[in-house]
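S.K.: Residues per chain are reported as follows:
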Amino acid sequence: MPEQEAPQPAAPEAERVPGIEPAFAALAERFGDELVAARKTADGPDFTVAPARLADFVAALRESVLAEPHLFVDACGVERETALEVVYRFSLVSRREIVTVRAHMPKDKPAVASLAVMYPGARWPEREYAEMFGITVTGHPDMRHLLLPEGWVGHPLRKDYVYPLDHPYLAPDPLREDPVRVLGHAPEGEGEES
Amino acid sequence: MSIHTIGVIIKDWLIGLLAGWGVPVELSRLLIEVLTWAVGAALCIIAIMLAALVFIYLERKVSGYIQSRLGPTRCGPVGILQSFVDVIKLLLKEDIVPAEADRVLHTIGPILFLAVSALAYVVVPWDEGGTVAGKVDAGVGVLFMAAVGSMGLIGIVVGGWGSNNKWSLLGAIRGAAQMVSYEIPMLLALMCVVLQAETLSLAGIVEDQKGSIIAWNFLRPWMWLPVVLFLISGVAEINRTPFDIPEAESELVSGFHTEYTGMKFALFFLAEYGNLLLVALIFSVLFLGGWLSPFGYPDPLRLPGIIWLLAKSLLIVLIVMWVRWTLPRLRVDQLMGLAWKLMIPAGFVALGVMCAVIMLGWA
Amino acid sequence: MNEANVGTTDQLIVNMGPQHPSTHGVLRVALTLDGERVVSADPDIGYLHSSMEKIAERLDYRQYISYTDRFDYLGAMCNEWVFVRAVERLAGIEVTPRCEHIRLLMAELNRLASHLLYFGAMGIDTGATTVFLYCFRERELILDLFEWVSGQRLLYNFLRVGGLRNDLPDGWVEQCHAAMDALASRVDEYDTLLSENRIFIARTRGIGAITAEEALAYGFSGPCLRGCGVPYDLRRVDGYSLYPELDFEVCVEEGGDCLSRHMVRSRELRESIKIVRQVLARLPEGEVNVPVPRRLKVEPGEVYERIESPRGELGCYLVSDGSDKPWRMHWRAPSFYNLAPLDRLCRGHWMADMVAVIASTDIVLGDVDR
Chain A
1 MPEQEAPQPA
11 APEAERVPGI
21 EPAFAALAER
31 FGDELVAARK
41 TADGPDFTVA
51 PARLADFVAA
61 LRESVLAEPH
71 LFVDACGVER
81 ETALEVVYRF
91 SLVSRREIVT
101 VRAHMPKDKP
111 AVASLAVMYP
121 GARWPEREYA
131 EMFGITVTGH
141 PDMRHLLLPE
151 GWVGHPLRKD
161 YVYPLDHPYL
171 APDPLREDPV
181 RVLGHAPEGE
191 GEES
Chain B
1 MSIHTIGVII
11 KDWLIGLLAG
21 WGVPVELSRL
31 LIEVLTWAVG
41 AALCIIAIML
51 AALVFIYLER
61 KVSGYIQSRL
71 GPTRCGPVGI
81 LQSFVDVIKL
91 LLKEDIVPAE
101 ADRVLHTIGP
111 ILFLAVSALA
121 YVVVPWDEGG
131 TVAGKVDAGV
141 GVLFMAAVGS
151 MGLIGIVVGG
161 WGSNNKWSLL
171 GAIRGAAQMV
181 SYEIPMLLAL
191 MCVVLQAETL
201 SLAGIVEDQK
211 GSIIAWNFLR
221 PWMWLPVVLF
231 LISGVAEINR
241 TPFDIPEAES
251 ELVSGFHTEY
261 TGMKFALFFL
271 AEYGNLLLVA
281 LIFSVLFLGG
291 WLSPFGYPDP
301 LRLPGIIWLL
311 AKSLLIVLIV
321 MWVRWTLPRL
331 RVDQLMGLAW
341 KLMIPAGFVA
351 LGVMCAVIML
361 GWA
Chain C
1 MNEANVGTTD
11 QLIVNMGPQH
21 PSTHGVLRVA
31 LTLDGERVVS
41 ADPDIGYLHS
51 SMEKIAERLD
61 YRQYISYTDR
71 FDYLGAMCNE
81 WVFVRAVERL
91 AGIEVTPRCE
101 HIRLLMAELN
111 RLASHLLYFG
121 AMGIDTGATT
131 VFLYCFRERE
141 LILDLFEWVS
151 GQRLLYNFLR
161 VGGLRNDLPD
171 GWVEQCHAAM
181 DALASRVDEY
191 DTLLSENRIF
201 IARTRGIGAI
211 TAEEALAYGF
221 SGPCLRGCGV
231 PYDLRRVDGY
241 SLYPELDFEV
251 CVEEGGDCLS
261 RHMVRSRELR
271 ESIKIVRQVL
281 ARLPEGEVNV
291 PVPRRLKVEP
301 GEVYERIESP
311 RGELGCYLVS
321 DGSDKPWRMH
331 WRAPSFYNLA
341 PLDRLCRGHW
351 MADMVAVIAS
361 TDIVLGDVDR
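Sequences listed follow chains A, B and C, in order. Under the numbering used here, think of the first position of the first sequence as 1, with each following residue one higher. Under the numbering used here, think of the first position of the second sequence as 1, with each following residue one higher. Under the numbering used here, think of the first position of the third sequence as 1, with each following residue one higher.
No wet-lab data here; the hints were simulated from the structure. Just to be clear, a hint being listed does not mean it is correct.
[As the list claims (entries may be wrong)] Covered stretches of chain C, as calculated for chain B (at least 3 residues, CB under 8 Å):
1) 15-27
2) 127-140
3) 200-208
It should be emphasised that the depicted structure is a prediction, and the values quoted were computed from it without experimental measurement. C-beta: ideal position from N, C-alpha, C; glycine also.
Model the full assembly from the supplied sequences, consistent with the hints where possible.
M.R.: Pasting the structure below:
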């Protein structure tokens with residue numbers, strides 16, 4: 001299968017202006033350089049922190065933005081042009097406000113501090129992005145594979161992932177091995193997917 | 001003419017026939033005796049088979065009616081041949097024994113279960129003076145039935161253990177616990193009837209209720225508690241919803257018969273329906289006057305007693321089916337709690353009341 | 001058994017699933033039992049993993065709509081809706097009022113169908129098979145409506161970016177009214193058969209209980225969270241689409257156990273009927289589609305759009321790089337988060353309660369594995 005080309009120059013994070021809005025000055029003071037960005041969006045506050053301080057940062061948020069009862073909504077990974085990103089979302093119960101916390105990591109050795117102890121709901125999504133993007137999650141109590149079988153090689157949601165055609169879990173595909181015998185003629189439209 | 005008199009006539013005719021061939025009377029009497037038993041045994045199995053065939057069809061139609069669907073319609077008119085087709089299918093199916101299973105126990109389990117179920121039929125009084133084997137009801141029919149009935153769980157345990165499957169084992173353990181527990185309130189209810197009739201003979205219990213419907217046990221106020229106890233523990237003994245925890249499909253896959261296919265599975269299935277009929281028969285005998293007609297004795301309609309008995313049993317079977325398709329299933333601890341905390345004390349209360357009634361001379 | 005073992009008990013490890021009748025699909029739970037008590041339950045998921053998120057990166061925005069049907073197949077309209085809402089928000093497309101009404105109508109009908117299936121499954125898992133068939137009888141009415149409008153009974157592929165596949169056919173509204181009338185009279189029947197049954201209550205009260213704080217930390221949402229006494233219903237919290245203008249109640253039950261979750265869904269059936277009737281009454285005339293370019297390219301950016309699906313908060317996280325395909329697409333699947341605390345919910349209960357707990361969280365394994 002042809003790989004998608006490298007991302008277009010207008011990658012999403014390019015538009016985000018790094019900077020701390022005045023409303024979050026107290027957090028900025030506490031975390032210094034490790035709070036990379038803090039903005040207000042239509043949905044709610046949006047923070048970017050250093051991956052190693054993610055858990056500490058969310059713990060700090062629980063005294064300010066997340067002081068009210070809130071739901072652990074989601075955690076997922078995104079591959080950006082130059083970095084890997086994890087996105088955590090929390091939602092206030094009383095009104096529409098989604099708190100987003102991001103952390104950027106280099107692609108070659110990504111590692112992030114786990115929230116699984118604070119939010120048990122983060123256990124599964126962290127296991128999921130760990131296997132899908134190859135991110136090391138530190139402080140997670142149980143880092144087995146979640147959706148993929150044990151021993152799966154590679155990280156499928158990475159853009160440079162190549163599907164392993166000779167993987168032990170895959171049965172041999174007769175169509176791929178000998179298309180002429182299966183179809184009765186040479187396959188048409190080879191490579192049309194691109 | 002009752003079944004009993006027919007039996008006597010056939011016996012006399014056979015003895016005469018054998019005497020004509022020069023067989024000594026003593027020997028021919030022995031032969032006849034053996035033959036009677038063999039025929040009786042065959043009749044028991046046939047009764048179970050027929051009951052199972054009819055009840056499986058009935059169950060499908062009744063559940064279909066309750067659940068606003070049609071049930072079987074394709075085999076024969078209104079699907080009446082469905083059960084026969086099923087039997088053929090089960091006979092032709094491959095018999096699969098799990099790799100690590102105990103082959104001997106795996107085979108013995110269903111046979112034991114069915115055999116025990118068939119054995120209890122021996123003492124059922126089908127008609128005036130007529131159990132299947134004529135003389136078996138030697139005054140201890142109740143005792144025999146209770147003793148044999150409690151052996152059924154051996155088949156379940158053996159089958160569940162022999163399957164080498166954890167679900168089967170769990171089902172077998174549940175089955176053992178359940179059947180042992182519900183045996184007790186059932187026997188306590190039985191005791192009340194025995195005290196009432198002052199006999200251990202099932203035929204004698206029917207004799208005691210001679211007369212029209214007013215004379216039957218279920219209309220005597222001190223029998224109402226035993227009636228309820230017997231019906232509930234009867235349903236529990238035959239593992240039907242809401243007490244079907246040994247096979248509990250949604251929890252234990254199929255419980256003790258998870259690993260059975262083909263004819264061995266069919267044996268379990270036959271025995272379950274055989275037990276259903278048995279419980280209904282015994283209930284009719286104990287509380288609904290057995291083969292007696294509701295219009296008085298002798299029957300003004302002159303119908304054979306067996307028809308009345310089967311009609312009453314059918315009514316009970318329908319009630320049991322109705323319950324099955326309506327109620328959810330109890331959990332295993334709730335089921336045991338019901339038996340030990342509620343039904344056994346209630347059974348003793350019923351027994352006490354019965355004793356008091358006898359001492360006061362109301363019975 | 002050797003001499004040393006006599007008088008002691010061993011723990012039994014059994015595999016519940018992936019072919020077990022009550023795991024609602026291909027869920028495998030490694031159960032450790034002490035007798036019949038659950039010592040621990042370790043869910044093993046991924047049997048239905050179908051790379052939904054990777055597939056999205058290879059298809060353009062409109063091609064992907066038919067895929068959204070296929071993960072939470074019992075809430076297909078809701079999946080489509082949240083996806084087209086996310087794309088429309090990214091692309092800045094406004095849909096017509098009639099389209100918005102019909103989309104909401106479909107989502108609520110889908111909620112009805114899904115909750116009816118839940119009722120049936122809960123019944124059959126606790127041993128009451130008849131409720132299952134009753135619920136399917138009524139679910140059929142709704143599926144007929146879907147079939148009429150979209151040609152499909154389960155995977156509708158009905159919503160489009162900027163509109164719908166087609167408008168409602170003639171006579172559909174009347175049929176929908178009739179179906180709601182039939183359903184409204186039957187909902188009480190289910191309650192008599194199941195929710196008020198003493199055995200059922202004994203099987204579900206206090207079983208699989210979880211506090212509101214824990215439920216929030218686990219990411220519980222939808223009826224499961226509302227069963228813990230948290231009034232978190234995105235239809236009210238977010239007030240998206242036309243919901244602020246409609247009259248309905250957010251059903252909340254205290255208790256956090258299987259029975260509370262069950263009762264929330266039971267009441268939501270009635271509320272959804274109410275919503276459908278209101279929308280039918282105010283359905284405006286007009287176009288259903290707005291013009292959308294054949295090759296839809298959206299500006300670079302990202303959006304997290306969420307709606308209340310029958311199972312809870314269904315979120316769609318869409319990252320665009322400016323091409324006609326999503327750069328990254330992530331589903332916040334409610335079943336995934338509702339299943340995760342299974343061990344916490346079941347520990348210490350009886351094995352039979354497992355079945356009730358799994359049924360009461362109303363998971364769809366396609367939704368869990370995506």
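S.K.: All hints, please: hold or fail.
M.R.: Hints, one by one, checked against the model:
{"no.": "1", "hint": "15-27", "result": "holds (count 3)"}
{"no.": "2", "hint": "127-140", "result": "holds (count 7)"}
{"no.": "3", "hint": "200-208", "result": "holds (count 3)"}
In this structure, none of the earlier numbered hints is contradicted; all agree with it.
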